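The hints should help you fit chain B with the ligands onto chain A, whose structure is shown.
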Amino acid sequence: MPDNRLTQTEASLNPAVTQMVNIKIDGIELQVPKGENIIESAKRAGVDIPYFCYHPRLSKGDAANCRMCLVDVFAPRRAPDGTVSLAKMPKPQASCTLPADEGMVIVTDSEAVVRDRKGVLEFLLINHPLDCPICDRGGECPLQNNAIFYGAATSRYTEEKRHFPKAYPLAENVVFDRERCIHCARCTRFTEDISGDAQLGFLKRGADMEVGTFEHTAYKSKFSGNVIELCPVGALLSRSYRFKARPWDLHSQRSVCSKCSNGCNIKIDYRLDSLQRINGRINEAVNEEWTCDKGKFGHSYVSSEARLKTPMLKTGGEWKAIDWTEALQILVGKLRDANGSVAGIGGQRCTNEDNFAFQKLFREVLKSNDIDSRVEGYLGSVNKPLYERFGYHAMGNAIAELEDMKTILVLGSQLVDEQPIIYLRVRKAYRFKGATVINAVSSVPEDSPKVGDFAQLELVYKPGTEAALLKGILSVLSAEKLASVNGFAKGYTLEKAAEETGVSAEAIQQAARLMATGKLAIIAGREVANHANHLEVVQAIGDLAEATGNAQNINLPGEDVNSQGAADMGVLPDFAPGYAPLENPGKNTAQILQAAADGSLKVLWVAGAKLLEKFPNRELAQAAFASDTFIVVNELTMTETAQAADLVLPAASFAEKEGTFTNCERRVQRIHKAFDISLEIKPDWLIFSEVATRMGGGGGSFFSARDILKAISAQVPAYAGLTAKSLGDEGVRWNYPDK
Amino acid sequence: MAESVTSNIREPQPAPAKEARFSELAIAELEEIASHYPERKAACLPGLWIAQREYDGYLPPAAIQEVADRLGLSYSEVEGVATFYTMYNLRKRGRHHLEVCTCLTCAVKGAYEVVHKLEKELGVHVGGTTSDGEFTLSEAECLDFCGAATVMQVGDKYFTQLTPDNVKQVIDELRKSPDYTPAKLADSIVKTLLPGASETGGGSYSVEDLKNPAGPML
Ligand code: SF4
Ligand code: SF4
Ligand code: FES
Ligand code: FES
Chain A
39 MPDNRLTQTE
49 ASLNPAVTQM
59 VNIKIDGIEL
69 QVPKGENIIE
79 SAKRAGVDIP
89 YFCYHPRLSK
99 GDAANCRMCL
109 VDVFAPRRAP
119 DGTVSLAKMP
129 KPQASCTLPA
139 DEGMVIVTDS
149 EAVVRDRKGV
159 LEFLLINHPL
169 DCPICDRGGE
179 CPLQNNAIFY
189 GAATSRYTEE
199 KRHFPKAYPL
209 AENVVFDRER
219 CIHCARCTRF
229 TEDISGDAQL
239 GFLKRGADME
249 VGTFEHTAYK
259 SKFSGNVIEL
269 CPVGALLSRS
279 YRFKARPWDL
289 HSQRSVCSKC
299 SNGCNIKIDY
309 RLDSLQRING
319 RINEAVNEEW
329 TCDKGKFGHS
339 YVSSEARLKT
349 PMLKTGGEWK
359 AIDWTEALQI
369 LVGKLRDANG
379 SVAGIGGQRC
389 TNEDNFAFQK
399 LFREVLKSND
409 IDSRVEGYLG
419 SVNKPLYERF
429 GYHAMGNAIA
439 ELEDMKTILV
449 LGSQLVDEQP
459 IIYLRVRKAY
469 RFKGATVINA
479 VSSVPEDSPK
489 VGDFAQLELV
499 YKPGTEAALL
509 KGILSVLSAE
519 KLASVNGFAK
529 GYTLEKAAEE
539 TGVSAEAIQQ
549 AARLMATGKL
559 AIIAGREVAN
569 HANHLEVVQA
579 IGDLAEATGN
589 AQNINLPGED
599 VNSQGAADMG
609 VLPDFAPGYA
619 PLENPGKNTA
629 QILQAAADGS
639 LKVLWVAGAK
649 LLEKFPNREL
659 AQAAFASDTF
669 IVVNELTMTE
679 TAQAADLVLP
689 AASFAEKEGT
699 FTNCERRVQR
709 IHKAFDISLE
719 IKPDWLIFSE
729 VATRMGGGGG
739 SFFSARDILK
749 AISAQVPAYA
759 GLTAKSLGDE
769 GVRWNYPDK
Chain B
80 MAESVTSNIR
90 EPQPAPAKEA
100 RFSELAIAEL
110 EEIASHYPER
120 KAACLPGLWI
130 AQREYDGYLP
140 PAAIQEVADR
150 LGLSYSEVEG
160 VATFYTMYNL
170 RKRGRHHLEV
180 CTCLTCAVKG
190 AYEVVHKLEK
200 ELGVHVGGTT
210 SDGEFTLSEA
220 ECLDFCGAAT
230 VMQVGDKYFT
240 QLTPDNVKQV
250 IDELRKSPDY
260 TPAKLADSIV
270 KTLLPGASET
280 GGGSYSVEDL
290 KNPAGPML
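Chains as they are written, first to last, in the working numbering: chain A, 39 to 777; chain B, 80 to 297.
Here chain A stands alone, though its shape is the one from the complex (with noise of 0.2 Å):
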């Protein structure tokens, strides 16, 4: 694999503050730290400089170019004798690759710069069409900005612009207008430092430059719409929002992406009832300011017309739409009828506050411990994998902490796909911090970006092996003395390991050696979550882990939005919320399933799992289905899941409702409403507590979101103190209490 590191002046990106230099920008004196661009010196000052090309996590590599932060500059000189002298530099400097220096004098408001600025921005509108009016970025477009505050208000440029077809599809989801580009060569870095796959370049360099793909093919990146974000003019657009709207007619409102369990900060830009785009939001613990194409085009499904709007029963094959009275007088008289035989399965898209709801109404209204928040993977205690032995469940690393790994090893998962930040972050671990990656996968895919792309070492296995390439690797760490390791690798050799993974043996030996050499992370993705034999390969790797002295690094993340908050919230057969264990431990998924295809099951109310589509014993999910049992799902739509069931319930999507999620490195984040749908939507929690107040109550009434989120508080340690305040903008990241 090629070496695309950046050398460590490059990697200056977070320079770790050694010195401090006194410099003045327009007569204001500051302390810098050493080498620290001019232009983000004068934000410490206050003074605003107008930039393009400048981003602060962008490389420098082809930066420098928009020309728009100059300023002139005066540094000290030492004459002959020892006198020491101001002089100016000759030509002005551009302030975002300057590095500030002992004594600088920075001056960014004299007559020449003011020019110099006007006459930058009269060569970078040479070529744009100027064509706002029909621009979707007119309003937000630091071009208009700067034009307006710096530039000249006519232009002298009568000549011929050059022109290109609009609206090129460059992408799935991007359209190119490139007549608009003014070289900034933001996206072409983009896709060269942060997601990895360089796919755009400059191409044509000189008057004829043009940003592209390799020979025209399409941009497939599973990231590209955070160029849209970066191109500071309206070259690079969302294909679906495409003159959709005008961002002054656009509310804006913060919430979490629920696509993943990342838990991507956004924010929902929409129009009255509808959504109109997805946008990142700054986070700098979770997804710095990117997200992923997942999550910023995956969201049409919020206002789209498939959307369920009333409660729907299947009576006799037909669905028949109902109002809520009725469904909930039926759902009600059913449960009443079970009389305990109930079960619930779901949560993982919910937030922590429905969660707590739909375990109150089980537990203390229902009186059933049977419910599970898991669809796939193991569904044993989920004390049992890690927490027994280390003191924790899913994520030992926080996200951001992944950078300042010395080497990672990603074991078994397509992790671009299933943990798309978490990949961002290996990959800037790699990019800008010198951290060596190890994928080891049983399949890989032909396109980029993936990890495979800049690992260094690369482990194809035969899928099922990665206990054994676990023990391999601990046998070469055990007989170089690597590591001092214990118990059961012991007597495993590498050929076998070699012979059983089809790893060849050498490889297995660099493995080892990249990871006995510091601080290592062990990232494991759907393959080890889904393996047959889970808790042998999760031993395997708390082998490896301790042997090299990184028992708190080890990283099963969940896939879903609220996969950590379910388990958090005690939707699961043996644990009530805070993982405090139960007496007499219910059923889990496969189970319940069991148990409603037996026909021993009278109720299962299914709160937004795919279970048709996801669960992994397919016919059993379908036997359950087709059987007696009395099925409710709460959906957005009408999955294959919810067409299965007998009576569904039109529940409120993440655009629609107050809550958290907590994401997997166990942060808890709000989600704010933006909008309703429809009056006849509900969020989930609002659906268990009229139910449980229908029946009596108990615990399991409440009046709103917040007041969910204080009795959760009240009740799970580990949330203890967490209120819609302290949650903030960012979010808290909880830990055990003995760490």
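Do not rely on the hints blindly, as some may be mistaken.
[Unchecked claim] Stretches of chain B that chain A covers, calculated by requiring three or more beta carbons in the stretch to come under 8 Å of a beta carbon on chain A:
1) 100 to 108
2) 144 to 155
3) 158 to 167
Since the hints were derived computationally from the structure, they do not count as laboratory data. Note that the structure is a prediction, hence the values are computed from the model and not measured. Heads up, the beta-carbon is just placed ideally off N, CA and C, and yes, glycines get one too.
For chain B with the ligands alone, coordinates are given in the frame of chain A:
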């Protein structure tokens, strides 16, 4: 001159097929050159010269992909390099590429008359290639030899003080070099980067020499 001023392609295109045409010697040359630099990226320009030789005098998409794959670069990055330098041929050109400078000094000294004369003589317009595949005619920006305007570059040679009257002689002369091809030109440029190279030209070497360098290189 650039190949085209704008690209009017309106739909993404299918990915071009890959090929592996580098000979054993070509691979050894590339590895030798790459070993001179801290980063493999630095061998991009020589790599493209080698490719231009291996791919019969020009760089089809497969050539760009092969260089990128061998150096671990992205395709768009290498295409960006190949589309910048006018001495890389992005499509098949005539055996001789006539690049007449029409920049300021040459223009003042009658470069356009030379161009028109060539057009008439060859029967093609600027940008065209003669039907016998002998000549491609282009305009060039300043060739940095203004003192001897009008200047024309043909491969690695300059012809100077051209006029409509003497330019025919030049093309007649060029026609008489039967074994000269763009691939040969590329080869001679590659040779200047490898063992035995001097100010005036390249050396000769074998795969073995490249694999076991005996003495100091460039
Ligand atoms: S990109 Fe900005 S300046 Fe250009 S047309 Fe759009 S709004 Fe106007
Ligand atoms: S498309 Fe946008 S982001 Fe990319 S170079 Fe052009 S202006 Fe910059
Ligand atoms: S922001 Fe400094 S040159 Fe573009
Ligand atoms: S103008 Fe022709 S060589 Fe300079």
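Okay, the hints, checked on the actual structure:
no. : hint       : in the structure
1   : 100 to 108 : violated (count 0)
2   : 144 to 155 : holds (count 7)
3   : 158 to 167 : holds (count 4)
Checked against the numbered hints listed earlier, the structure breaks hint 1 alone; every other hint is satisfied.
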